[in-house]
Amino acid sequence: MSKKRTILFLLPAPFVQKPNEPGFQVQTQNFRTTFGFVVPELRRRNLEVELVSLSNTPQQVQNGVGFLQTSGLDKSCRAFFFQRRMGRGKLLPQLLQFIINVWHLKSRLSKAYIVYGYNDVGTLYGALLKLFFHYRLVYDMRGDRSNEMAVQGAPRWRVIFYRMIRNFCLRRCDLVFTVSTDCPGLPKGRRHIPKFNFYDGRFFYYDARQAAQKRKGLELEDRFVWVYSGTDKYYQMVPEMVRFFADFLKLCPDAWFMINLPKPSEKFREELEKSQIPPSAWGMFHLNQESLNQYQMVADMAFLIREDLPLNHQAFPTKFSEYLASGVPVLITEHVHSLVKLVEEFKVGEIWKESETVLEVQKRILKYRANRDVKERCASFAQSRLSWQNNATWLTDKLVSLL
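In terms of the working numbering, the sequence shown is residues 1 to 403.
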């Protein structure tokens, strides 16, 4: 296998993570989607592709191999799944595991011409080994992890350490992708390209007939339907969502809140009870990727609100693309800067500004009730600008330009 024609994707986590496993399920799902669309494009251009996944349990190794076989990707790439040998949470085991990973990686990275590092840690391995081997390094940055750690109350030394990792990776990379339009701290002369979190059009789309049938099946024909699909983690602002809906219910008594979660959430139930929202005004569902679209496409408006934090300023939630693809306009706060620009320019939702009252925002939202023109505009915009089907070739072009 010629080094000049080999691209290696380096994931510092299990390739397949189940919802009940600790880790970054959303990030690894995004990686798998990226990998699945880009690998066939790379192969069509006669590039060899390798995948390296670190920190797997024996079961996760089997899951990863099974995913590649089921998807047919095993015929398009060589995959290496390395197991985690040391424990988590303690500094010494972490350091030992890091050294073990470097030892495993050196033989693989020495043969690559392009190394695609996923997130800060994946790119760190590539940045360190680039001191000894010659290859092009791509840094797929997933937001500001150090800022997120600071918000979560991590020790100051750890926050500073992660910022050092980020800055080191920026200095060593040849190309950096970010999920936002900005890349603070980018050294002079380094290439930066925004790469949003695109969606898979096989799972998310808008069909007016199917949406009408589902609304009828759920007995929601004459109601204003809100939707939220995701988790109940702190940054999703569950209390604020529920309070907003409670206020909206006073303005629009027939409103209904669809909550789609990977598993049951006591946090949502507690907030709904605290705001005295009757059971007839909401429903909670636990859906897989295939059925989620069938439910959320019935909604008139989706929640996608975030706090005023640096980690949100540089974010691009995948749900934004998926909501719009399902024909659902979004309510966002003004703190995810990339989303604000798109919502304003393409008129695919509403922006909840801090300078206005909740009632002012809610009155504007009433016009979205059963607004088929808006739903079709959202779906059309998403398909043309935010789908993997229309962006896989674009991303491949950027990678091939490094050859």
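It cannot be assumed that every hint is accurate.
Restraint-style ranges between C-beta atoms, simulated for each label pair [stated by the list, open to error]: (1) 276 <-> 89: 16 to 24 Å; (2) 344 <-> 168: 32 to 40 Å; (3) 370 <-> 270: 47 to 55 Å; (4) 209 <-> 403: 42 to 50 Å; (5) 89 <-> 270: 40 to 48 Å.
Keep in mind that the hints were calculated from the coordinates and are not lab data.
Every residue, glycine too, gets a C-beta built ideally from N, C-alpha and C.
- Item | Distance restraint evaluation - residue 370, residue 270, Cβ atoms, bounds 47 to 55 Å | Given range 47 to 55 Å: violated, Cβ gap about 32 Å.
At the C-beta level, are residue 344 and residue 168 separated by a distance inside 32 to 40 Å?
holds, 36 Å
Outcome for the supplied range 40 to 48 Å, where the beta carbon pair is residue 89 and residue 270
violated, 29 Å
Quiz prompt | Outcome of range test on Cβ distance (residue 276, residue 89; 16 to 24 Å) | solution = violated, 41 Å
### 42 to 50 Å as the expected CB spacing between residue 403 and residue 209, which holds or is violated
Roughly 46 Å apart at Cβ, these two residues keep to the hinted range, so it holds.
In summary, the structure is inconsistent with hints 1, 3, 5 from the numbered list given earlier, while agreeing with the others.
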